[in-house]
Amino acid sequence: MRGEASSDREFRALLDAAVDAIVVIDHRGTIEEFSLAAQRMFGYTAEEMIGHNVNLLMPEPYRSEHDGYLERYATTRITRIIGVGREILSRRKDGTVFPCELAVGQVPDLEPPRYIGFIRDLTRHKEAEEQLRRSEAELRLAQGLANLGNYVVHPRGDGPDYFSVQLYRILDVPLSGPDVTREEFFEKWVHPADRARVAEAFQRLDSGGAQLDIEYQVVLRDGRIRYLHHIAQAVREDGGRVLKHVGTIHDITDRRHAEDEARQLQDRLTHFSRLSTMGEMAAGLAHEINQPLSAIATYAQACQRLLRRPEHDGADVVEALDQINAQALRAGEVIRRLRNFVKNREVKREWVNCERLLDDLRTLAETDARLHSVHLRIDAQKDLPAVHADPIQLQQVVLNLVRNAIDATIGCPEDRREIVLMTRRSAEGEIQITVADQGGGLAPGAAEHLFNPFFTTKSSGTGLGLAISRSIIRAHGGRLWHTPNGQFGACFHFTLPASPATKGE
Amino acid sequence: MKPTVFVVDDDAAVRDSLRMLLKSVGLPVEVFESGQEFLDADRDDRPGCLVLDIRMPGMSGLELQIKLNERHSILPIIFITGHGDVPMAVEAMQAGAVDFIQKPFRDQDLLDRINQALDKDAGSRRMLAERNMIRKRLESLTPREREVLDLVVAGKANKVIAGDLNLSQRTVEIHRARVMEKMEAHSLAHLVRMVLEVEREDE
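So the sequences go chain by chain: H and B.
Residue numbers for the first sequence follow the numbering used here, so the first one is 1 and each next one is one higher.
Residue numbers for the second sequence follow the numbering used here, so the first one is 1 and each next one is one higher.
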């Protein structure tokens, strides 16, 4: 008896020390033991449970079915749970249901049988699992939305590499297929035109560069082209050795297409604006071409008269012929500049010498100035460095500013009808071009709308000139702004980044 | 002084070709590249004519014309215009230009216009010279002779003049003879015409 009591106490101590809840039932399901952990887990005291059916601890439908399980086992001895363990749902005294893991043992050699159940609360575990699953799903969703994939690669092969699902999608690689090596990636994905550049960027990263940040094109298996923005960084050990590369690849194809479309639209608008400028200048240009033609006719007629004279001076005739030649070339040059200006062409940046730019511009600008009896003074600083720009677009900007200045000057007294076109090197090393007039200046309300498209103070005019000029200058990395010009008129200035070294033509 | 063709055009080639053309037909020519340069050279009282580009930067051709009018210059102006400058040409004509020609032009058309302008200038200068002469003759009259002249020109007979001036008819006759002599008048009609000529100018 004493031995039995002692073993019973040991059993009880064991029962109560266990972290998992322990419940002992007989073959009908009646609870015989209900451990401390079980009392904590379910909220029942041992007194409340002992003698009651264990199915109290189960939510429906298991509660109703449990007696059947026990009976079936008693007759068939086919177990579904004993020695297996599985995840089930349990029910607390307060009615809440929670996930738990149940392992059931049978006390050997007892008839009718008795069973011991070990129950582990899985609530926290499940929550953590759910959270992990959710955050993975969210990450995947976010990557899908952003069209951004990420990866971790161990260059020495001493760790598990990881490529996100979106990365497979972006590069159109089957998820189940073999991993793609870097060499394969360069060879089969990276666009041939970008290959050298990409390889060089990776080389910099490998040889200790801080970061890889590059945009390039890839060609997918079906021939589609995607634009990628690839950022990668080396993660180092304490010793400085590269442990792994972590990177993101962003599919920016849509953005690039949108940008391309916007650029094309901008180019078309820019060209349209040049055409309409030329349309407005047609009268002046006809005049400009008429000048050399007129001179040619007069020289030729003078030659005829000189040659008809018996004692004609050969030198005069030669001089006239020289001039005829020069004036014919001059007319051709006006037409060439005009054609260049209105031609619908690819935007092309090149190193442009400022003096050359003003020279090309002079004909077109002076035409308009002369037409309105305005004097155009060019004040160019010598030996300015070249600027990297599209020369025609720059001409367009300057011509636009000069024409605005002329319009502002019309009707002013003669001593104010002068426009100064000035080039300088600013303190910051930029090239600054200023068009200054002494006209009426800007109306108080006009300044704020000045750069809005379709804003115009003129009866004829598209209202696009300044808006387009500003976007051209911005695209060149410069600024366009205006200031008052002393007592009268306005100055429009713009800057262009100059070449680091003087790199004229 | 031989009449000169003055050319004002900002375009060097146009200017130079005109200089050569005019030289080839033996006309004295002087060229200027701006209205201001021409004004500064003080050529506007010289005989000749002005061939003037209507469109120039700074002072336009029309503005030079206005400045010359302010200086009472009588130099005839032929404007050179481009296409579509007709409204400006009309304005120029209203301000007294003799003619305009559209460039490019036939040399003979220009030379014809220049010759007409030079003729006009010569005529104007002759008339001016004559008026000056008449004025000088008028200035040589005594106050009494001037009174007699005014009444003669007003169509009054000697007897009426004598009554008006409270003089004897004989004295009036002597004054009248002196007036005819000083004014170098061939006839009464000539005398009247000379006085009217100057008075019209002074109005």
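Simulated from the structure, these hints should not be mistaken for lab results.
Owing to the predicted nature of the structure, the values given are computational and were not obtained by experimental measurement.
Cβ atoms here follow ideal geometry from the backbone N, Cα and C, with glycine treated the same way.
Any given hint could turn out to be false.
Where chain H lies over chain B, by a calculated footprint (3+ residues, C-beta under 8 Å) [claimed, not checked]:
{"id": "1", "segment": "14-25"}
{"id": "2", "segment": "59-65"}
{"id": "3", "segment": "102-116"}
Report the numbers of all earlier hints that the structure fails to satisfy, in ascending order.
none
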